[in-house]
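For the protein sequence lines, the chains are A and B, in the order given.
Per the numbering used here: the first sequence = residues 675 to 793.
Per the numbering used here: the second sequence = residues 153 to 711.
Keep in mind that the hints are not guaranteed to be accurate.
As the list claims (entries may be wrong) - Facing chain A, from chain B, some residues (calculated, C-beta under 10 Å):
1. Arg266
2. Ala312
3. Thr344
4. Leu450
5. Gln464
What the hints assert, rightly or not - Output of the computed footprint for chain A on chain B, the stretches with three or more beta carbons under 8 Å from beta carbons of chain A:
6. 212 to 226
7. 256 to 263
8. 316 to 322
Calculated from the structure, these hints are not laboratory results.
Keep in mind it's a predicted model, so treat the numbers as computed, not measured.
Glycine is no exception: its CB is placed at the ideal position from the N, C-alpha and C atoms.
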Amino acid sequence: MKRHLSVLVVAGWGLLNGVLLAVLAVYGESAMVFWLWGGVVVLLELAAVAVLASSRLGPDQHVRYRVPDRAAGAVVPAAFGFLLVALAFVYGAWLLALAGPLLLVAVALAVRGTTAREE
Amino acid sequence: MTVAPPTAKEGTGGRPVPPSGWLAWVTSTDHKRIGVLTIATSLVLFLVMGTFALTMRAQLAQPEQHLVSTELYNQLFTIHGSGMIYMVVTPFAIGMGVYLVPLQIGAPGIAIPRLTLLGYWLYALGALVMLAGFATPGGAHADGWFSYPPMADSVHSPGAGSDLWIAGVFLATTGTIVMGWAVLWTGLRKRTHGMTMLRLPVFSWSMIATCLMVIGAFPALLAALGLLAVGRANPAIFEANVWNIGYQHLFWFYGHPVVYVMFFPYLAAVSEVLAVFSGRRFFGYRGTVLSLLVFAGLSMSVWGHHMFATGQATNDYYSLTSIALLVPAGVEYFAMIGTILGGRLRLGPPMLFALAFIPQFLIGGLTGIMLGTPVIDYHVTDSYFVVAHLHYVLFAGSAFGLFAAVYFWFPKVTGVMLGDRAGRLHFWLLVIGTNVTFLPMFALGYLGMPRRVSAYASFEGFGWLNLLSSVGAAFLAASVLVFAVNVLWTLRRRTLGSAERAPDDPWGGHTLEWATTSPPPRLNFTPDHPVPPVTSFAPLLDQRQRREEGAAAGDGSRP
Numbered sequence: 675m676k677r678h679l680s681v682l683v684v685a686g687w688g689l690l691n692g693v694l695l696a697v698l699a700v701y702g703e704s705a706m707v708f709w710l711w712g713g714v715v716v717l718l719e720l721a722a723v724a725v726l727a728s729s730r731l732g733p734d735q736h737v738r739y740r741v742p743d744r745a746a747g748a749v750v751p752a753a754f755g756f757l758l759v760a761l762a763f764v765y766g767a768w769l770l771a772l773a774g775p776l777l778l779v780a781v782a783l784a785v786r787g788t789t790a791r792e793e
Numbered sequence: 153m154t155v156a157p158p159t160a161k162e163g164t165g166g167r168p169v170p171p172s173g174w175l176a177w178v179t180s181t182d183h184k185r186i187g188v189l190t191i192a193t194s195l196v197l198f199l200v201m202g203t204f205a206l207t208m209r210a211q212l213a214q215p216e217q218h219l220v221s222t223e224l225y226n227q228l229f230t231i232h233g234s235g236m237i238y239m240v241v242t243p244f245a246i247g248m249g250v251y252l253v254p255l256q257i258g259a260p261g262i263a264i265p266r267l268t269l270l271g272y273w274l275y276a277l278g279a280l281v282m283l284a285g286f287a288t289p290g291g292a293h294a295d296g297w298f299s300y301p302p303m304a305d306s307v308h309s310p311g312a313g314s315d316l317w318i319a320g321v322f323l324a325t326t327g328t329i330v331m332g333w334a335v336l337w338t339g340l341r342k343r344t345h346g347m348t349m350l351r352l353p354v355f356s357w358s359m360i361a362t363c364l365m366v367i368g369a370f371p372a373l374l375a376a377l378g379l380l381a382v383g384r385a386n387p388a389i390f391e392a393n394v395w396n397i398g399y400q401h402l403f404w405f406y407g408h409p410v411v412y413v414m415f416f417p418y419l420a421a422v423s424e425v426l427a428v429f430s431g432r433r434f435f436g437y438r439g440t441v442l443s444l445l446v447f448a449g450l451s452m453s454v455w456g457h458h459m460f461a462t463g464q465a466t467n468d469y470y471s472l473t474s475i476a477l478l479v480p481a482g483v484e485y486f487a488m489i490g491t492i493l494g495g496r497l498r499l500g501p502p503m504l505f506a507l508a509f510i511p512q513f514l515i516g517g518l519t520g521i522m523l524g525t526p527v528i529d530y531h532v533t534d535s536y537f538v539v540a541h542l543h544y545v546l547f548a549g550s551a552f553g554l555f556a557a558v559y560f561w562f563p564k565v566t567g568v569m570l571g572d573r574a575g576r577l578h579f580w581l582l583v584i585g586t587n588v589t590f591l592p593m594f595a596l597g598y599l600g601m602p603r604r605v606s607a608y609a610s611f612e613g614f615g616w617l618n619l620l621s622s623v624g625a626a627f628l629a630a631s632v633l634v635f636a637v638n639v640l641w642t643l644r645r646r647t648l649g650s651a652e653r654a655p656d657d658p659w660g661g662h663t664l665e666w667a668t669t670s671p672p673p674r675l676n677f678t679p680d681h682p683v684p685p686v687t688s689f690a691p692l693l694d695q696r697q698r699r700e701e702g703a704a705a706g707d708g709s710r711p
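Construct the complete structure from the given sequences, taking the supplied hints into account.
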């Protein structure tokens with residue numbers, strides 16, 4: 675029980691949302707609201723499943739950690755690539771022609787594992 | 153028992169850069185750097201948004217003033233509201249989680265660090281995109297922070313400013329969701345040996361509850377923005393009322409929980425400060441943890457109270473759940489007051505801000521219950537009463553928690569102490585400014601002054617209350633100026649080597665971050681500063697008490 679308290683927190687919180695949604699159903703609301711909130715309850719239970727899978731694969735508490743650092747150099751080009759994708763909504767699809775190569779650079783940096791190494 | 157230090161980080165083989173260089177900062181996967189970047193960005197934006205607020209208060213200080221045009225005024229209140237909520241108070245809260253949660257749970261880093269860094273960049277770029285609206289020919293977006301269609305469609309709000317607002321808020325919210333996932337996963341799955349869930353500090357619990365709301369509610373904002381974008385491409389969509397109301401449901405499904413996202417971390421920061429500066433263990437820990445989770449759950453169910461006046465929401469249900477919020481809120485207030493009662497209070501700047509939070513947030517909370525009651529809401533909806541309420545929640549409440557957190561954790565983050573006298577001056581100016589600015593707004597709203605008006609006629613009788621409010625805003629400006637000078641001056645003195653050095657634990661803290669150096673090393677804990685035994689949610693207090701008991705027993709055994 676204590677080992678899986680983290681799972682219970684997420685699953686229980688999702689369930690609380692489900693209970694509140696059920697009470698709303700008694701009062702009545704538009705169908706869209708049930709799809710919206712019901713979808714969130716499903717999402718939260720999926721998150722609980724992910725936590726459960728993780729806690730079955732590893733310890734609940736750690737004494738040794740992996741601190742990944744590789745490929746951090748890909749983050750900034752990726753962010754600017756997403757920025758151009760968002761701006762394409764405002765200024766036109768031609769910006770996707772710039773976003774595409776930038777995102778490809780980010781992928782290449784991620785695959786190579788490039789990052790700035792602090793001395 | 154001590155815990156072995158974490159393993160060294162992986163070799164990266166990348167380009168070598170100096171640790172303090174800009175490239176090391178912008179590509180760092182160190183959660184502390186990402187946290188500092190997030191917090192610093194939100195503080196800079198706080199100054200920008202505050203300038204917009206001052207311009208609005210100058211405009212409203214007298215009847216029939218036209219310091220800025222109506223069009224610009226609409227842009228100012230829209231970007232002020234959007235900026236404060238999407239780009240300042242929410243990211244600051246998540247940034248605190250990114251910085252503090254790994255330290256508080258004894259971990260050397262955050263989960264998914266590269267995605268966390270991506271989250272920061274999406275947030276920062278989103279803020280720039282939103283502000284870029286001012287540089288467009290039609291100006292920035294001007295339909296308020298919730299931007300209801302059909303007002304926000306391309307017929308009624310033409311121009312690129314509104315599109316940039318959508319793109320910017322979408323990017324920033326996506327970044328916040330990513331950072332929220334990282335903090336949540338860290339709290340749930342990266343705890344050190346001995347750190348069970350029921351030994352998590354109150355702040356870390358608050359971040360878990362906060363991030364559950366982030367992952368549950370924030371995607372609804374992305375959906376709302378997507379709907380608005382589609383509607384701007386094809387305005388015929390918003391000719392059907394179902395999509396106008398549908399937008400409001402999507403928006404407020406995000407828009408109410410975000411208030412708690414902007415509240416829980418600050419409430420928890422206040423709780424940590426109250427316990428440390430009272431010299432007592434936090435009172436009612438388990439009740440507070442449970443109430444945080446119930447509070448967060450209920451917060452997902454109350455969004456319809458923002459739609460009472462539409463006549464198209466189930467008012468009975470939303471009113472019931474809104475009033476039910478009083479129960480977990482009461483538990484948390486009871487715990488905070490129980491913590492300070494009987495304590496040996498030290499009234500340093502963090503404690504002053506924490507103490508002021510309690511009554512001021514209460515005003516915001518109780519007026520929220522009033523607004524959650526349809527009969528009152530019908531009278532004051534879209535009036536300055538609502539403006540006063542939300543500013544008592546987010547400024548008189550959350551901002552005081554924010555400043556309590558800044559004064560409390562500044563020594564840990566920077567390694568130097570923030571000026572005490574300037575901190576006290578900042579506090580008193582802020583208390584005066586907050587209450588003189590926002591208290592008259594309740595009366596203005598009750599008397600019928602609508603929100604979002606750029607001017608009012610002198611015969612309406614709103615003049616002296618608005619003047620009072622604007623005088624208060626001047627106090628707020630002075631207080632923030634004192635704060636900014638204090639921070640910049642302290643950092644400058646740190647560079648010159650003349651600032652007061654912060655010890656590892658300047659306040660007698662209770663939680664693990666105070667066990668490491670100030671500032672903490674790259675992997676948080678070292679063999680010289682290992683993670684101490686985790687015996688409760690206040691492990692450092694336990695350690696001190698054990699030492700004192702041991703010393704007392706040693707004294708008693710002497711002949």
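Hint check:
| no. | hint | verdict |
| --- | --- | --- |
| 1 | Arg266 | 5 Å, holds |
| 2 | Ala312 | 6 Å, holds |
| 3 | Thr344 | 6 Å, holds |
| 4 | Leu450 | 7 Å, holds |
| 5 | Gln464 | 8 Å, holds |
| 6 | 212 to 226 | violated (count 0) |
| 7 | 256 to 263 | holds (count 3) |
| 8 | 316 to 322 | holds (count 5) |
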